[in-house]
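Using the numbering used here, the first residue of the sequence shown is number 5, and each one after it goes up by one.
FYI, nobody ran anything at the bench for these hints, they're computed from the structure.
Think of the CB as a built atom: it goes at the ideal place given N, C-alpha and C, for glycine as much as any other residue.
Do not rely on the hints blindly, as some may be mistaken.
Quick list of in silico lysine-lysine cross-link-like pairs, BS3-like style, CA-CA up to 30 Å [what the hints assert, rightly or not]: (1) Lys300 - Lys418; (2) Lys261 - Lys103; (3) Lys260 - Lys415; (4) Lys103 - Lys470; (5) Lys512 - Lys540; (6) Lys507 - Lys535; (7) Lys267 - Lys300; (8) Lys418 - Lys261.
Label-pair ranges, simulated between beta-carbon atoms [to be verified]: (9) Asn538 - Ser497: 44 to 54 Å; (10) Asn380 - Phe9: 45 to 55 Å; (11) Ile511 - Arg127: 15 to 25 Å; (12) Arg127 - Leu428: 26 to 36 Å; (13) Lys535 - Leu335: 45 to 55 Å; (14) Gly523 - Val32: 41 to 51 Å.
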Amino acid sequence: MLNVFTYLIFYFYIFLVGRGLYFLINKVFNKSKNNSDNVVIFNLPIRLYYPFLGLFGIGNIVFLLNFFTGVNNTIFNIFLFLLTVLFNYRNYEFFDNFKTFSINFILIPGFLAVSSLNIGFARDAGGYHLNFQNWLSNKPLTSGLYLLNPQYGFTSILDYINTIFSIGSSYIVLHYVNLVFISSILSICFFALTENKNINYKIFGLMIVTFGILDNFGFNGGKNGFIEIDSVPKQDSAFTIISIFLFVIFTFIMAKKNFVINKIEFTTICFLSFFAFQLRTLGFLYYLLILYVFFKSQLHKDYKSYIKPIVGFLILNILWLIKNVLMTSCLIFPVKQLCFKSLPWSNIELVAFSSNDLLRNWHGAYSFGSFTDWFNRWIQNQINLTFSINFLISLLLALLLLSFVSRFRFKFSKNYIILFIFILLNFFFWITTAPAVRLGNSIFLNFALLMMLCVDADLQFSNKFKSVSIVFLLMVSFSLPRFENYSQLLENSMFVNELRVEKVSYIKNQDFGVSPIDGVSCWVNISCKNKGRNAKLINDTFYNYFIP
Numbered sequence: 005m006l007n008v009f010t011y012l013i014f015y016f017y018i019f020l021v022g023r024g025l026y027f028l029i030n031k032v033f034n035k036s037k038n039n040s041d042n043v044v045i046f047n048l049p050i051r052l053y054y055p056f057l058g059l060f061g062i063g064n065i066v067f068l069l070n071f072f073t074g075v076n077n078t079i080f081n082i083f084l085f086l087l088t089v090l091f092n093y094r095n096y097e098f099f100d101n102f103k104t105f106s107i108n109f110i111l112i113p114g115f116l117a118v119s120s121l122n123i124g125f126a127r128d129a130g131g132y133h134l135n136f137q138n139w140l141s142n143k144p145l146t147s148g149l150y151l152l153n154p155q156y157g158f159t160s161i162l163d164y165i166n167t168i169f170s171i172g173s174s175y176i177v178l179h180y181v182n183l184v185f186i187s188s189i190l191s192i193c194f195f196a197l198t199e200n201k202n203i204n205y206k207i208f209g210l211m212i213v214t215f216g217i218l219d220n221f222g223f224n225g226g227k228n229g230f231i232e233i234d235s236v237p238k239q240d241s242a243f244t245i246i247s248i249f250l251f252v253i254f255t256f257i258m259a260k261k262n263f264v265i266n267k268i269e270f271t272t273i274c275f276l277s278f279f280a281f282q283l284r285t286l287g288f289l290y291y292l293l294i295l296y297v298f299f300k301s302q303l304h305k306d307y308k309s310y311i312k313p314i315v316g317f318l319i320l321n322i323l324w325l326i327k328n329v330l331m332t333s334c335l336i337f338p339v340k341q342l343c344f345k346s347l348p349w350s351n352i353e354l355v356a357f358s359s360n361d362l363l364r365n366w367h368g369a370y371s372f373g374s375f376t377d378w379f380n381r382w383i384q385n386q387i388n389l390t391f392s393i394n395f396l397i398s399l400l401l402a403l404l405l406l407s408f409v410s411r412f413r414f415k416f417s418k419n420y421i422i423l424f425i426f427i428l429l430n431f432f433f434w435i436t437t438a439p440a441v442r443l444g445n446s447i448f449l450n451f452a453l454l455m456m457l458c459v460d461a462d463l464q465f466s467n468k469f470k471s472v473s474i475v476f477l478l479m480v481s482f483s484l485p486r487f488e489n490y491s492q493l494l495e496n497s498m499f500v501n502e503l504r505v506e507k508v509s510y511i512k513n514q515d516f517g518v519s520p521i522d523g524v525s526c527w528v529n530i531s532c533k534n535k536g537r538n539a540k541l542i543n544d545t546f547y548n549y550f551i552p
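Use the sequences and the hints to build the structure in full.
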C-alpha cells in the first residue's frame, strides 16, 4: 500500500506546484493579487490545469537551467518545495466539495497507483532514457551528445521532468510522473460528465468512458487505442493525453462564434501546444491550429495585447530548437533536411541511420509505394490487427450509445472539416515516420471524438445518468492497471516496488569512456557510449563537445 499512498502525496504535490506556479506568474506578469481557484479557462476551472502546469514548469525550468549547468535534483526539489509553500498558503477553494475532492485526489489516482506494484522498465529505459537523465543531472548541455547514442536525439521534455525525481537508486517516482497525466485527464473527464454543460466536453467525457471500458474486451482480449499505463519512462500516454486535451479545447473554440478567446486562453493553447511538441515532434501540427484560430478570430487585429504570450512562446520554441542543434546538429532530429552539415559534431550518416533504421524501418513506415501492399504488411502484425478491429468496433458502439441518449443526425461544418484535415495531416506524418499503434493513439482517439461531435447530439444528463457515469469512470480507472497488480496487493499489502536499475558490465574504449557488454544498455553511466559508435570528447576553453 505504500506505493499507493506515496503516489497520492506526489500527485497532490504536483498539483500544488502547478498552483504555485500559476499564482507566481499571475503576480509577476499580471501584477495581480487575486489568487483564486475559481478562474475559468475554456469553460474549465483553472484547478484542472494545475498538474499539467506543474509538470510543464518543472520540465522547462530544468531545460533552461541545463544550458548552463547540471541540474542537481536535491537543490531543485528544495526550490519546488519553497515555491509550493510560498504560493499555496491560502484560498483552498478546491476543498469545498468533498465528493469532487475525494474522486479527483483519492479514488482515481488511488486506483491508478496500484499499477506501481508490478511496473517495470521499458526496453528503452536502459538504452537511453535513464542515462540521458543522468547527463542532465551531472553536466550542462553537451554538444554532439547523440554521437554517443543516436537515440539521445529522441528524448523529450519528459526526460527533463524525470531528471529531478530519481531518489537514490529508486526510480519508482518516474512512474508516478506518468500517472499524473492519466489522473489529470480522468479528472477533466469527471468534470465534463458531472458539472460542465458544454456539449463538446460532455461528448469528450462519454468518449473517454466508452473507449476506456471497451478497451478491456474484444478481439484478442481487447486493446482499442485507449490510454495505457506506460512502463518507465515512456512518454507515449503523456503525449496522447496532452494531444486529446488540446484537441477537445480546439473543438470548443471552433464551436464558438468568431472564435472569441481571451488572453489567458490564448496563452494556454500556445503553451499546451509547445508542451505537446516537446513530448513528441508530431505536436508541432497544433501550431497550425493556433495560426488558424489567430487569423480566423479577431486576435490578429489586436495582436499587441497578446505580445507577451507570443514572445514567450517564440523564445521557448527557439531555445528548444537550439538545444536540438547543439545536441544533434539538427533542428528536428532525425530529419536530415533540417540538419547542419558544417558543425564539428555533424554526422549526416548517423542521422540517416537514425531516420531509417531506428525510426522508419523499426516501426514499418509507409514509403510511398503501393498503400495496399504496405497496409497488408502492417496489418500482419498481431498488435496492429488487434487494435484495428477493436478500434472500429469501439467507435461503432460509441456512436450507437450516443444514438440512444440523443437524437442521431450527422452534422458537418466548415470548422469540423478543418479538424478532419488536421487529423489527416497527423495520420500522414504518423504512417510515414513511425506507425506503431502506441504512437498513434492520439490520432485515433481524436478521430473518434470528432466523429461523435459530428452527431447532432442534445445530451441532457440526469442526476441518475451522472451517477452511472461516475461509476463507469471509476471502473475505467480501476481497470487501467493490470489485474496482477491487485493480486499482488492482496497477497502482500506491505510490498514496495522501488524499481532499481540492472547492474551492467562494461568494456573500456580507446576514444571515450566505456561501452556496455551487450552493446546497447548503458543504464546510468555518463562515461558510456553505444558499442561501435565513434565519439571523441573535445575539452574547449569555454565548453565541451563531442566529434565523430
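Hints breached by this structure | Failing hints, ascending: 2, 13.
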